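Visitor: Sequence:
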Amino acid sequence: MPRAAAPAASRTPLPERPPVPASAAWRDGDPVGRRRFADLGPFRLEAGGRLPAVRLAYETWGTLNAARDNAVLVLHALTGDSHVTGPAGPGHPTPGWWQSMVGPGAPIDTDRYFVVAPNALGGCQGSTGPASTAPDGRPWGGRFPQLTVRDQVEAEVRLADLLGIDAWHLVVGASMGGLRVLEWAVTAPARVRALAAIATSAQTSGDQIASFHTQLAAIRADPRFRGGDYYDAPDGEGPHVGLGIARQIAHQTYRSARELDERFGRIPQGAEEPLAGGRYAVQSYLDHHGDKLARRFDANTYVRFTETMVTHDLGRDRGGVEAALASVTARALVVAVDTDRLFLPAQSERIAAGIPGAGPVRTIRSEFGHDGFLIEEDQVGAMVREFLLETATDDAITG
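In terms of our numbering, the sequence shown has 74 at position 73, counting the first letter as 1, and numbering is strictly consecutive.
Hints were generated in silico from the structure; no laboratory data involved.
Hints should not be assumed to be uniformly reliable.
As the list claims (entries may be wrong) - The list that follows gives simulated cross-link-like pairs (lysine to aspartate or glutamate, DMTMM-like), each with its CA atoms no further than 20 Å apart:
# : residue 1 : residue 2
1 : K293      : E17
2 : K293      : D223
3 : K293      : D236
4 : K293      : E238
All values derive from a computational prediction rather than experimental measurement.
Given these sequences and hints, build the entire structure.
Guide: As structure tokens, this is what we get:
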């Protein structure tokens, strides 16, 4: 892999860019775009908190058939949202995050399947989250209660009820989305016919918790975080420094060591001289990604979502992980990325070994580490397309 300088956008000194908004959360009154909204009523949370009203934003593609058996649930990762596919535009500052996976003729073919993608509970793109208005008329901010993966899935179960979907033909997601895929299959086994758990885990490890902890600490240490109550701050006065650092810490786990070394090595950034206070290209690359996220996300949502990953344990109060996995009745596609250093391939092996209806782990070959599930869309798409074909064939035989 030839070495190259960082993307051109990162060569622009960050102070010369427009000020970063205190939060890039979608707020009522902003353009709706393709979003739809489901009001789910009051909500008691696993950790003991309560939300008096919950709303989920979601998007759909395709048509639900008369038998209501062609629905596919797509679950996003940490900084994703409901906009799986489609262009950027009013209400959607970025294009879809899995563009080639969903659509007419795509691996998840919307000519055949009805696809639903919610913004997870606690999110910042239309679902009830810290940026939402609390009963007292102010944003929830730091008062927003702690969430778990199980809370997020319970909200999605209620969404399925409102949509009249008794069972999903497929529930698919990667990374944080994969945590919810597995939770769906254990919480509501009769409602998941097939699942695809990609680059994920049944239980976060000590190493993962350590990485998540440092990201949380970076945000909370930013004096402009103000305990989560920063929504009234002017542009440039929000917790973008802490959020950017958290993203930089995370991004090191999203890419492989080999890629960063071969792509950047010790190349200086442009005309900058590291011995005179300048940056290496890899430093500029991380600065760019930290700044980019701060301009499209929300620090409180990053905190709440990261906490759901810290506490993720499929086996909690279920007799352990293996007992929980053994209760899954869905057919399962389990996918690992060979260079992943966030969700290690061994964690995918544990999932596949524990689910009765899982075949051998399928492996994405990639130089890009964890982000391979996004970058290697040809490989991921082929696996998902083949799996859907297999499930359709099995259904035809058993039917």
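Visitor: State for each hint whether it applies.
Guide: For each hint, the structure was consulted:
1. K293 x E17: holds, 14 Å
2. K293 x D223: holds, 18 Å
3. K293 x D236: Roughly 15 Å separates the two Cα atoms, so the pair holds.
4. K293 x E238: holds, 16 Å
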